[in-house]
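Quick note, the sequences are listed as chains A, B and C, same order.
With the numbering used here applied, the first sequence corresponds to residues 1 to 400, in that order.
With the numbering used here applied, the second sequence corresponds to residues 1 to 268, in that order.
With the numbering used here applied, the third sequence corresponds to residues 1 to 384, in that order.
In case anyone wonders, no lab produced these hints; they're calculated from the structure.
Check before you lean on any hint, since a few could be wrong.
Stated by the list, open to error - Cut-off 25 Å, straight-line C-alpha distance, at most; resulting in silico cross-link-like pairs (PhoX-like, lysine-lysine): (1) A:Lys260 to B:Lys49; (2) A:Lys260 to B:Lys152; (3) C:Lys203 to C:Lys118; (4) A:Lys396 to B:Lys266; (5) A:Lys31 to B:Lys49; (6) C:Lys46 to C:Lys10; (7) C:Lys47 to B:Lys209; (8) B:Lys49 to A:Lys335; (9) A:Lys294 to A:Lys134; (10) B:Lys49 to B:Lys152; (11) B:Lys266 to A:Lys263; (12) A:Lys260 to B:Lys51; (13) B:Lys116 to B:Lys186; (14) A:Lys148 to A:Lys158; (15) B:Lys116 to B:Lys49; (16) A:Lys263 to A:Lys139; (17) A:Lys86 to A:Lys139; (18) B:Lys177 to A:Lys86; (19) B:Lys110 to B:Lys49; (20) C:Lys347 to A:Lys330; (21) A:Lys255 to B:Lys152; (22) B:Lys51 to A:Lys255; (23) B:Lys152 to C:Lys22; (24) B:Lys177 to A:Lys148; (25) B:Lys49 to C:Lys378; (26) A:Lys263 to B:Lys186; (27) A:Lys396 to B:Lys263; (28) C:Lys203 to B:Lys49.
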Amino acid sequence: MSITVDSELCSGCGACVASCPYGGIEVIDDKACITEDCNLCGACVEACTMDAIIWTKEEVGIEKVDLSQYKGVWVIAEHYKGNIHKVAYQLLGKGRELADTLHVSLTLVILGDAFDDQLEELSMYGADEIIYVKSKILKNYYSDLYTKTLTELITENKPEIVLIGATATGRDFAPRVAKRLNAGLTADCTGLEIDSKTNNLFQTRPTFGGNIMATIRTPNSRPQMATVRPGTFKKPEAKKRKVNIRQIDYDYSEKDSVTKIVKVINREKSKVNLEDAEIIVAGGRGVGKKENFKIIEELAEAIGAEIGGSRVTVELNWIPQDQQVGQTGKTVTPKLYIACGISGAIQHLVGMENSDIIVAINKDPSAPIFNVAHYGIVGDLHKVIPALIENIKKVKSAED
Amino acid sequence: MKIFTCIKQVPGVSEVKIDPKTNTLVRKGIPSITNPMDNNATELALSIKEKHGGEVIALSMGPPQAEEVLRQALAMGADEAYLLTDRAFAGADTLATSHTLGLAIKKILKDSGDEKKYLVICGTQAIDGDTAQVGPELAEELGLPQITYVQKCELKGDKIITERVFRSEETVIIESKLPALISVLKEVNDPRFPTMTGIVNAHEEMEVKYLNANDLKAGKENIGLTGSKTEVFKIFIPEKKGKHVVLEGSVEEMVQQLCNNLKEDKLL
Amino acid sequence: MDFSLTEKQKMIRRVTREFAEKHIAPIAEESDQQSRLDPQVMEEMKKMGYFGTCIPKEYGGAGLHEDTISFCIITEEIGRIDASWSITTGVHASVCAYPIYKFGTEEQKQKFLIPLAKGEKLGVFALTEANAGSDAGGVETNAYLDGDEWVLNGSKIFATNGGIAETLLVVTKTGQKGKRKELTVFIVDTNTPGYSVGVREDKLGVRASNTSELVFQDVRIPKENVLGSVGSGFRIGLQILDYGRILMAAQCVGLGQAALEASIKYANERVQFGRPIGSFQGVQWKIADMGVAVECARLLTYQAAWMCDNGLEYGTMGSMAKLKASEAAMQATHDAVQIHGGYGLMKAYAVERYFRDAKMAEIYEGTSEIQRMVIAQKLLRRGY
Numbered sequence: 001m002s003i004t005v006d007s008e009l010c011s012g013c014g015a016c017v018a019s020c021p022y023g024g025i026e027v028i029d030d031k032a033c034i035t036e037d038c039n040l041c042g043a044c045v046e047a048c049t050m051d052a053i054i055w056t057k058e059e060v061g062i063e064k065v066d067l068s069q070y071k072g073v074w075v076i077a078e079h080y081k082g083n084i085h086k087v088a089y090q091l092l093g094k095g096r097e098l099a100d101t102l103h104v105s106l107t108l109v110i111l112g113d114a115f116d117d118q119l120e121e122l123s124m125y126g127a128d129e130i131i132y133v134k135s136k137i138l139k140n141y142y143s144d145l146y147t148k149t150l151t152e153l154i155t156e157n158k159p160e161i162v163l164i165g166a167t168a169t170g171r172d173f174a175p176r177v178a179k180r181l182n183a184g185l186t187a188d189c190t191g192l193e194i195d196s197k198t199n200n201l202f203q204t205r206p207t208f209g210g211n212i213m214a215t216i217r218t219p220n221s222r223p224q225m226a227t228v229r230p231g232t233f234k235k236p237e238a239k240k241r242k243v244n245i246r247q248i249d250y251d252y253s254e255k256d257s258v259t260k261i262v263k264v265i266n267r268e269k270s271k272v273n274l275e276d277a278e279i280i281v282a283g284g285r286g287v288g289k290k291e292n293f294k295i296i297e298e299l300a301e302a303i304g305a306e307i308g309g310s311r312v313t314v315e316l317n318w319i320p321q322d323q324q325v326g327q328t329g330k331t332v333t334p335k336l337y338i339a340c341g342i343s344g345a346i347q348h349l350v351g352m353e354n355s356d357i358i359v360a361i362n363k364d365p366s367a368p369i370f371n372v373a374h375y376g377i378v379g380d381l382h383k384v385i386p387a388l389i390e391n392i393k394k395v396k397s398a399e400d
Numbered sequence: 001m002k003i004f005t006c007i008k009q010v011p012g013v014s015e016v017k018i019d020p021k022t023n024t025l026v027r028k029g030i031p032s033i034t035n036p037m038d039n040n041a042t043e044l045a046l047s048i049k050e051k052h053g054g055e056v057i058a059l060s061m062g063p064p065q066a067e068e069v070l071r072q073a074l075a076m077g078a079d080e081a082y083l084l085t086d087r088a089f090a091g092a093d094t095l096a097t098s099h100t101l102g103l104a105i106k107k108i109l110k111d112s113g114d115e116k117k118y119l120v121i122c123g124t125q126a127i128d129g130d131t132a133q134v135g136p137e138l139a140e141e142l143g144l145p146q147i148t149y150v151q152k153c154e155l156k157g158d159k160i161i162t163e164r165v166f167r168s169e170e171t172v173i174i175e176s177k178l179p180a181l182i183s184v185l186k187e188v189n190d191p192r193f194p195t196m197t198g199i200v201n202a203h204e205e206m207e208v209k210y211l212n213a214n215d216l217k218a219g220k221e222n223i224g225l226t227g228s229k230t231e232v233f234k235i236f237i238p239e240k241k242g243k244h245v246v247l248e249g250s251v252e253e254m255v256q257q258l259c260n261n262l263k264e265d266k267l268l
Numbered sequence: 001m002d003f004s005l006t007e008k009q010k011m012i013r014r015v016t017r018e019f020a021e022k023h024i025a026p027i028a029e030e031s032d033q034q035s036r037l038d039p040q041v042m043e044e045m046k047k048m049g050y051f052g053t054c055i056p057k058e059y060g061g062a063g064l065h066e067d068t069i070s071f072c073i074i075t076e077e078i079g080r081i082d083a084s085w086s087i088t089t090g091v092h093a094s095v096c097a098y099p100i101y102k103f104g105t106e107e108q109k110q111k112f113l114i115p116l117a118k119g120e121k122l123g124v125f126a127l128t129e130a131n132a133g134s135d136a137g138g139v140e141t142n143a144y145l146d147g148d149e150w151v152l153n154g155s156k157i158f159a160t161n162g163g164i165a166e167t168l169l170v171v172t173k174t175g176q177k178g179k180r181k182e183l184t185v186f187i188v189d190t191n192t193p194g195y196s197v198g199v200r201e202d203k204l205g206v207r208a209s210n211t212s213e214l215v216f217q218d219v220r221i222p223k224e225n226v227l228g229s230v231g232s233g234f235r236i237g238l239q240i241l242d243y244g245r246i247l248m249a250a251q252c253v254g255l256g257q258a259a260l261e262a263s264i265k266y267a268n269e270r271v272q273f274g275r276p277i278g279s280f281q282g283v284q285w286k287i288a289d290m291g292v293a294v295e296c297a298r299l300l301t302y303q304a305a306w307m308c309d310n311g312l313e314y315g316t317m318g319s320m321a322k323l324k325a326s327e328a329a330m331q332a333t334h335d336a337v338q339i340h341g342g343y344g345l346m347k348a349y350a351v352e353r354y355f356r357d358a359k360m361a362e363i364y365e366g367t368s369e370i371q372r373m374v375i376a377q378k379l380l381r382r383g384y
């Protein structure tokens, strides 16, 4: 694979230089030149306004794996306290779609204990087969036991695609399995598609903190492995299906694992810095008084957000100083910023206008906050917020 | 006891912005920094050394400019630093990277008497790639027990006792004998700043050792682009989410519409 | 001529900037309002080595005694966040610790320098008196020899770190040769009977820095505490001031830089008459002039530091740097307040504090008038 510049087409505009995160391209004498810092990421190819940058993707074949031997889509389920994680259902939905495109079967793999009663219910979400590896100790998650078992199963059964939830568990065993199999793994995918030309899996994922999307493929190794963000795909409708169930009993004991689980403890919700928060609910003068700030807290709790406020709420002692957002407070860039009863004076806007999505709730339709909001609701926040909390709770429980 | 810490030099992506006119990454003036979680890894290594003795060895695979992050580790108190650099390492995915790091660790251990008890500490993920794969793949390369998503770690004799994040509501206390590999989260500590004396020493008295593919006796088919199984097919800028719209209707209706939009934007 | 910083210097700048932004910036406003140096931050600064920057490692310092440029970088970066902290560490290291390194005996270094370098004890250079400001030669604080001890009487005012220090360098009159006063610098341990701290000043600017009156009543000092030699006080004193002046210039560069950055940010954000005020020429010219002034000040300061490190005579360059830097800081902070409009007058905005801090710099460590005098005499007498 290489990146070259067609100097005939190159206009020396420098858009490529601006796009390169590595300093891998420079404009010398009005023409773009690739430097030795090029990391082959391809951002310049996209940026070039003259189509002057050529990305040559040669087929890199060292030891050719016989790909035709690999058939089938697998979904590896993780579980917790006797319940299969919701991401497994979501992956079954997408997995069914991929399997249908490839005309192959879909298999759900469960490593656990005491799932016998649930197998019938689990068979309603699109799988053609369920492989149930049963062992008492697998009630808990063991990194090495999962790795060993899955590697053996995959080596024996040769699926072409393996999908795993991108959770702390999935992202623990997936790379280990991939390494043991010398297979390519793409982490935290937000998109999966079959390339109609080659039947390879295209795996799309965010990089650089989500500022750039990359589509990855693993054309020369099998299986093609991907971990997928929970919530990316939808849980399919339950439908009765004929499913082949294969139960394998493994007699693992604690000493088979190199690590020892000492105990499980409840995690305190630690306070997140506003600058690191993914979702922020902020209140302004429109909240009215300190006691009313309670609904801001309730909304934050319901949606899983940190709490912020405009300057006046700090001056009036409704919230502590370190939660102030704005020119004389903090600058935040969360994925979602919900501004409640905040007018949107510039002193506040400069602290939050780079949030990915801004929602504004304000009584005054001419409040400047609506100029930056992606979604605006004109209304009394004391009525809107309780209704919003209700709706959010409904959506969240439907997910589960 | 040797404590290895694996460090990566990355662009400071939190400052990365898209230029709305050209729809490309604005790269000018973005500094290269030590991957934040790797700083946490180095800090953990140093505090274990301070409590229990040992040597902290920092490693990085990258171009020559990555020497800077190793100097930073030396300035914080690391005893040795190795830069794995070679044109042949470029374009590596996590499989090739973990292989290269593994070869270096094996070589360092062999050259110093084949120590059996050691610890490898990695940051969970890098802010540019975000894969969180190098840690576990390196553990596999070295045949070590792995504990990922560690937010607390203590050494007790020849064991490490860690607190691992299991789910958002729970953590697990997991133990392992050494040698082992752990990958740490930001929560594990608050990394120290290098002191002025540390910085002076790192630049005047210590050296960053360079290792290339030859030094590691690396096979070409396992390193760099040729050793990578994943390849980037294309790169694109994500669509900007969210229209600018003021919702209408009754409170119920507006709230419903909002929730639907947020669901579509994958925020709920 | 190579204007680039070494890798070591770049790291020193980056780390100090990050440190100052993390530990000092959050409390800067409060420190100013309460005239207080946070003890926790003090501990962190000591750990970082900021109290012993210019002292060799063998005496507990950071080892930058031959890299004054690095010392300037540190002082500038701390000064960019908080002038009070920059002065506290800068003065302590440059005009109390460093002179003991340069002029002290080995015994004095072991006894006094090491605790100063580690920040275990804070230091003062006590020169100014009620009747001896710009006319520093007019000091009246005096000492006479009684057996093996000198007996010190008098008082000093406006001593930076005065109220919190344990080691003092006191410029004292020890004799008279015709019209000429004979001066001697003594190292005084504050734990000596007869010594007391008088008034702590409540100041216009750099309020968190401690500025106090020091009183000496029959304070007995062992003769081993003479710095240099008896009668060398005038000569040593001038050299001490020459060195310290470079660091004060660096502190002003940091202050000017802070004002410049604040002005740029505000000019880009504040919208009036439908456009950011940074698009109006009046504001643009102020920012351009600010930028030029700060850059000049920085270059003069670093050149003086470079000359010092390379064994060249740097006194005049240091004066030029301090003069330019303090006036640049005053200009930059004045214009920064103006650019901020009404908000520049409010304590919630940092430029209000920067403005007050800058005024101090035009007067302390040698007033701008004294600097002009020194520079003129040098130019007129020697051509340059």
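Structure-based check of all given hints:
The straight-line distance between the Cα atoms of Lys260 of chain A and Lys49 of chain B is roughly 24 Å, inside the 25 Å bound, and the hint therefore holds. For the given pair, Lys260 of chain A sits about 16 Å from Lys152 of chain B by alpha-carbon distance, which is consistent with the 25 Å threshold. Among the hinted pairs, Lys203 of chain C with Lys118 of chain C is inconsistent with the structure: their alpha-carbon atoms are about 28 Å apart, more than 25 Å. Taking the CA atoms of Lys396 of chain A and Lys266 of chain B, the gap is near 12 Å; set against the 25 Å cutoff, the hint holds.
For the hint pairing Lys31 of chain A with Lys49 of chain B, the CA-to-CA distance comes to about 52 Å; that exceeds 25 Å, so the pair is violated. In summary, the hint linking Lys46 of chain C to Lys10 of chain C is supported, as the alpha carbons are separated by about 21 Å, within the 25 Å threshold. In summary, the hint linking Lys47 of chain C to Lys209 of chain B is not supported, as the alpha carbons are separated by about 28 Å, beyond the 25 Å threshold. Among the hinted pairs, Lys49 of chain B with Lys335 of chain A is inconsistent with the structure: their alpha-carbon atoms are about 39 Å apart, more than 25 Å.
Pair hint Lys294 of chain A plus Lys134 of chain A does not hold up; C-alpha atoms about 48 Å apart against a cutoff of 25 Å. The hinted pair formed by Lys49 of chain B and Lys152 of chain B meets the criterion: a straight-line CA distance of about 16 Å does not exceed 25 Å. The straight-line distance between the Cα atoms of Lys266 of chain B and Lys263 of chain A is roughly 34 Å, outside the 25 Å bound, and the hint therefore fails. Simply put, Lys260 of chain A and Lys51 of chain B have alpha-carbon atoms about 23 Å apart, close enough for the 25 Å limit, and the pair holds.
Distance hint between Lys116 of chain B and Lys186 of chain B is unfulfilled; the C-alpha atoms sit about 28 Å from each other, more than 25 Å. Only pairs whose Cα atoms come within 25 Å are accepted, and Lys148 of chain A paired with Lys158 of chain A is accepted, the gap being roughly 15 Å. Note on Lys116 of chain B and Lys49 of chain B: the hinted pairing holds, with a Cα-Cα distance of about 17 Å set against a maximum of 25 Å. Taken as a hint, the Lys263 of chain A and Lys139 of chain A pair is honoured in the structure, with Cα atoms around 14 Å apart against an allowance of 25 Å.
Of the pairs offered as hints, the one joining Lys86 of chain A and Lys139 of chain A holds, with about 17 Å between alpha carbons and a cut-off of 25 Å not exceeded. For a cut-off of 25 Å, the pair hint linking Lys177 of chain B to Lys86 of chain A is broken: about 34 Å separates their Cα positions. For the hint pairing Lys110 of chain B with Lys49 of chain B, the CA-to-CA distance comes to about 21 Å; that is within 25 Å, so the pair holds. Proposed proximity of Lys347 of chain C and Lys330 of chain A is supported: the alpha carbons are some 17 Å apart, at most 25 Å.
With a C-alpha separation of about 24 Å, the suggested pairing of Lys255 of chain A with Lys152 of chain B holds against the 25 Å cut-off. Restraint check for Lys51 of chain B and Lys255 of chain A: the C-alpha separation of about 30 Å exceeds 25 Å, so the hint is violated. In summary, the hint linking Lys152 of chain B to Lys22 of chain C is supported, as the alpha carbons are separated by about 23 Å, within the 25 Å threshold. Restraint check for Lys177 of chain B and Lys148 of chain A: the C-alpha separation of about 19 Å stays at or below 25 Å, so the hint holds.
Restraint check: the Cα-Cα separation between Lys49 of chain B and Lys378 of chain C comes to about 56 Å, which exceeds 25 Å; the hinted pair is violated. Taking the CA atoms of Lys263 of chain A and Lys186 of chain B, the gap is about 22 Å. The hint holds against a cut of 25 Å. A hinted pair counts as satisfied when its Cα atoms are at most 25 Å apart, and Lys396 of chain A with Lys263 of chain B qualifies at roughly 10 Å. Proximity of Lys203 of chain C to Lys49 of chain B is assessed by CA-CA distance (about 47 Å); at most 25 Å being required, the pair is judged violated.
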